[in-house]
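Asker: Each chain, written out:
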Amino acid sequence: MATLTIDDAIAAFVACEPGDEAARRKLRERLWTLVADRSLASPIRTALADAIAVLDDPAEFKGAKEADGLEKVRQALEVAVDHAECGDRAVSEPEVPSVPKEFVPEAAVARASTMLLAIPDDADRSLIEDFIAEAREYLEGAEAALLRLESAPDDGEAINDVFRAFHTIKGTSSFLGLSAIAGFAHHAEDMLDRVRAGELAFAGQVPELSFRAVDLLKTLVAAIPQALAGQAPELPDEYEPLSHALSHPEEAAAAPRARTVESEGGSAPEPTAADHAPDHAPVVMRAGTAASVPTADPLVKVRTDKLDRLVEMVGELVIAQTMLVQDGVVRDASNHHLAQKVRHADKIVRELQDLSLGLRMVPLKGAITKLARVVRDLATRSGKQITFTVAGEDTEVDRTLVDLLADPLLHMVRNAVDHGIETPSERLKAGKPAMGTVRLEASQAGDRVLVKLIDDGRGLQRDKIVAKAIEKGIITSAESMSDTEVFDLIFAPGFSTAEQVTEVSGRGVGMDVVRRNLMAMRGRTVISSKAGKGSVFTIELPLTLAITDGMIVRVGAERFIVPTAQIRRCFRPEPSAVFTAQGKGEMVQTAGEVLPVVRLHRALRVVGAQEGVDQGILMVVGDGNNRTAFLVDELLGQQQVVAKPLGDAIGRVQGLTGGAILGDGRVGLILDVDELVVASRGTSSATGVQAA
Amino acid sequence: MTAPLVESPATTRTLGGKYLTFVLANEEYAFEILTVHEIIGIMAVTPVPHSHPVIRGVVNLRGKVIPIVDLRRRFNMTPPPEGETPETCIIVLNVRNLLVGIAVDAVSEVRMINEAEIEPPPSFGSDVDTSCLLGVANSEGKVRMLLDADKVLALDVIATL
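Heads up: the sequence lines are chains H and E, in that order.
With the first sequence counted from 1, adding 74 to any position gets you my numbering.
With the second sequence counted from 1, adding 558 to any position gets you my numbering.
Chain H on its own, in the form it takes in the complex:
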């Protein structure tokens, strides 16, 4: 069978006269053939699938609208042709994760002189994967121990921790045939062994070398997955010189220091701060729990996907149980014994649910330990003296939140060190101790987690923020704004710019992204600050993302779930409170404000819903300028739901964050309120046309 090309589809399209359904059917078949052809690049196939979606939408081809429908098909085809032309054959590789084996020998030949992180052919993959996790744990432990050593260089237990980390990594990696890692860990272990034996003092270059060794090992471990995929990565440039320095720490003072090399040109850091004599270490880590040896706790390692599946199944059990309890036979009071047994089972199931949710909870420690290191590095580089203290690091949150918290926390800490804490001389002038304090406090309040970052620096400067916001065109005047509103501006899109956040880290996202990510986790940020005294950044998050408090609403015959946290209030509007602008945009006046109305059944294409605004319920959602009223038919009640993705087979659908199993076993869709609000702003004219 001859292979079809896009040209064939175009030929079929040209044959499509209005009203000619046979020609359209022919076009559709050709499009499907092309869509199913995985030798075409996926953007092309996506565009063609778009075209089919238009063809399949009966609304597009009704009578007079047919020309519009064909035009839309034409546009989709044009996109496909564009992709085909610009990509040509170069991008038309199948999207299957094909391991580009043929690239490997080529690369190896080209860089014969550089060393590669190679994996032996007969390596046991699962063992190596275990090793990655284990090595990470040990390196984190080593880093924490090194930070302890900075304040107490004689802490023998801490030195042992670091030594044990290097030793274990060396042993396991050499057993697995990862010779590059084993070799390097060996040098690091040697140096620490000399420290342990008292031959070498933990002073001078030794702390810095140890930190760099931990960093390099982290890099190497992080590169293992790439090597497993068949592309052995090069060893970092630092590998050789650092190995040498570790074996000869006495002469290492002359070796170039990678970190100071990349520091900014302008303000030179105070030389004394870069020099690590332990008596004025810039950062003192005073964590509450000193010894955290990973081997001490009786723990079992469980694969996370198994854990998730267990939690999921328990969720199912709860739903099945609810259906059982609500069954007519059980509720019938005549069968007393059955009711008693069901109640007993119910109790067990509830307890099981609490337990299983607890399994997903992990201490925040993981996200916090890294911060001590960040503060240390930043302070060293900017010549500041900072004490970093942590409280409540054992507060438990959902495992997924720990990862998601890492970025916001990093930003906040960076902000506090860069902009909050002053240089020692400035601080002394202001009558404060030269040593600044940054304090991180985590705690649990009800079903929320609070993470506070408190610094005793100069505080946010209202005037500077206002000036910058005006310069960036975010506001025109700040006359009527409260301090809180002004501080909130630093989260506005376009406020925090590259020069502000990346100077130190070289990368990073803006504060607006941080806030958006937090909102996506149903979190909040609050800033309070006093000029000259310092600032407090607070992040507030739900304990778990697994369970959402949802309001179940009816739109037409469909039910949707709206996260309760996003609903400000609900009301039934008076007909006189509904207005239109230019005969199109609908608004409602309520409690002294005027809000745009979004008819959910239009946004979600549900038929058979209430048309009259005054016959349904309006639900106020969103914050500040984004406040919007959603029109729904009915509120059906509140329920705790377990949010699930719609599955990879469907992917991400606009306006939805996922689905959840409702009490009757059916799937209810969870609305993405923010996205629906934004989408309604974008297409307000289009909905207006439909309304007319």
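Bear in mind the hints are in silico, worked out from the structure with no lab data behind them.
Among the hints, a few may not be true.
Simulated pairs of lysine-lysine, DSS-like, Cα-Cα distance not exceeding 30 angstroms [what the hints assert, rightly or not]:
#1 H/Lys292 x H/Lys444
#2 H/Lys439 x H/Lys526
#3 H/Lys604 x H/Lys546
#4 H/Lys542 x H/Lys607
#5 H/Lys503 x H/Lys526
#6 H/Lys526 x H/Lys546
#7 E/Lys622 x H/Lys421
#8 H/Lys526 x H/Lys292
#9 E/Lys709 x H/Lys718
#10 H/Lys604 x H/Lys526
#11 H/Lys607 x H/Lys444
#12 H/Lys292 x H/Lys439
#13 H/Lys439 x H/Lys607
#14 H/Lys506 x H/Lys375
#15 E/Lys709 x H/Lys415
#16 H/Lys375 x H/Lys439
#17 E/Lys622 x H/Lys375
#18 E/Lys700 x H/Lys380
#19 H/Lys444 x H/Lys526
#20 H/Lys146 x E/Lys709
#21 E/Lys622 x H/Lys718
What follows is a set of in silico ranges between Cβ atoms, one per label pair, in the way DEER data are often shown [said to hold, decoys possible]:
#22 H/Lys292 x E/Pro605: 46 to 54 angstroms
#23 E/Asn655 x H/Ala192: 27 to 35 angstroms
#24 E/Arg620 x H/Thr558: 44 to 52 angstroms
No residue lacks a Cβ here, since even glycine has one placed at the ideal position from N, Cα and C.
Chain E: place on chain H using the hints.
Answerer: For chain E alone, kept in the frame of chain H given last:
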């Protein structure tokens, strides 16, 4: 994470083997038994707004949310005149490690189809899309269309809509 790294493309294998045969609009089709995950009764489908028209919606498969593809819409057929019957059911397929349900009029049987009974897909002209056919099985006087699940669904591009 658990996905296999290399999936062998189905180009050189033989077509003979066990197939699950089913009925759609009085025509007989079949999927390779290895792609079939399970068969479940028809259940209430929740439509998903803004998804591709061939996706009828999502259902709850023991706690997993899986999409249901409407094979009639995929093949541009009209909906069944009699609506859903007790025989209507959902075949859950495992395609490239994704679970997808397909609503069909009735499931017939699991059948051994020999290589010799299979002919390459005939050409019906451009009106009928034969690209998703593995072949046509002709045995005991009945013709069954052997479907290539991957090509029928083309999930990777439908999903992004």
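Asker: Now, for every hint given, state plainly whether the structure supports it.
Answerer: Evaluated hints:
1. H/Lys292 x H/Lys444: holds, 13 angstroms
2. H/Lys439 x H/Lys526: Holds: H/Lys439 and H/Lys526 sit about 14 angstroms apart, inside 30 angstroms.
3. H/Lys604 x H/Lys546: It holds: about 24 angstroms lies between the C-alpha atoms, which stays within 30 angstroms.
4. H/Lys542 x H/Lys607: It holds: about 22 angstroms lies between the C-alpha atoms, which stays within 30 angstroms.
5. H/Lys503 x H/Lys526: The given pair, whose Cα atoms are some 27 angstroms apart, holds under the 30 angstroms limit.
6. H/Lys526 x H/Lys546: Holds, at roughly 29 angstroms.
7. E/Lys622 x H/Lys421: Holds, at about 25 angstroms.
8. H/Lys526 x H/Lys292: Holds, at roughly 29 angstroms.
9. E/Lys709 x H/Lys718: It holds: about 27 angstroms lies between the C-alpha atoms, which stays within 30 angstroms.
10. H/Lys604 x H/Lys526: Holds, at about 16 angstroms.
11. H/Lys607 x H/Lys444: holds, 26 angstroms
12. H/Lys292 x H/Lys439: holds, 18 angstroms
13. H/Lys439 x H/Lys607: holds, 28 angstroms
14. H/Lys506 x H/Lys375: With Cα atoms ~48 angstroms apart, H/Lys506 and H/Lys375 exceed 30 angstroms; violated.
15. E/Lys709 x H/Lys415: violated, 50 angstroms
16. H/Lys375 x H/Lys439: Roughly 18 angstroms separates the two Cα atoms, so the pair holds.
17. E/Lys622 x H/Lys375: holds, 25 angstroms
18. E/Lys700 x H/Lys380: violated, 45 angstroms
19. H/Lys444 x H/Lys526: Holds - the C-alpha atoms of H/Lys526 and H/Lys444 are around 16 angstroms apart, at most 30 angstroms.
20. H/Lys146 x E/Lys709: holds, 25 angstroms
21. E/Lys622 x H/Lys718: Holds, because 8 angstroms separates the two Cα atoms, which is no more than 30 angstroms.
22. H/Lys292 x E/Pro605: 46 to 54 angstroms: Holds: the Cβ-Cβ distance is about 47 angstroms, inside 46 to 54 angstroms.
23. E/Asn655 x H/Ala192: 27 to 35 angstroms: holds, 29 angstroms
24. E/Arg620 x H/Thr558: 44 to 52 angstroms: With Cβ atoms ~48 angstroms apart, the hint holds.
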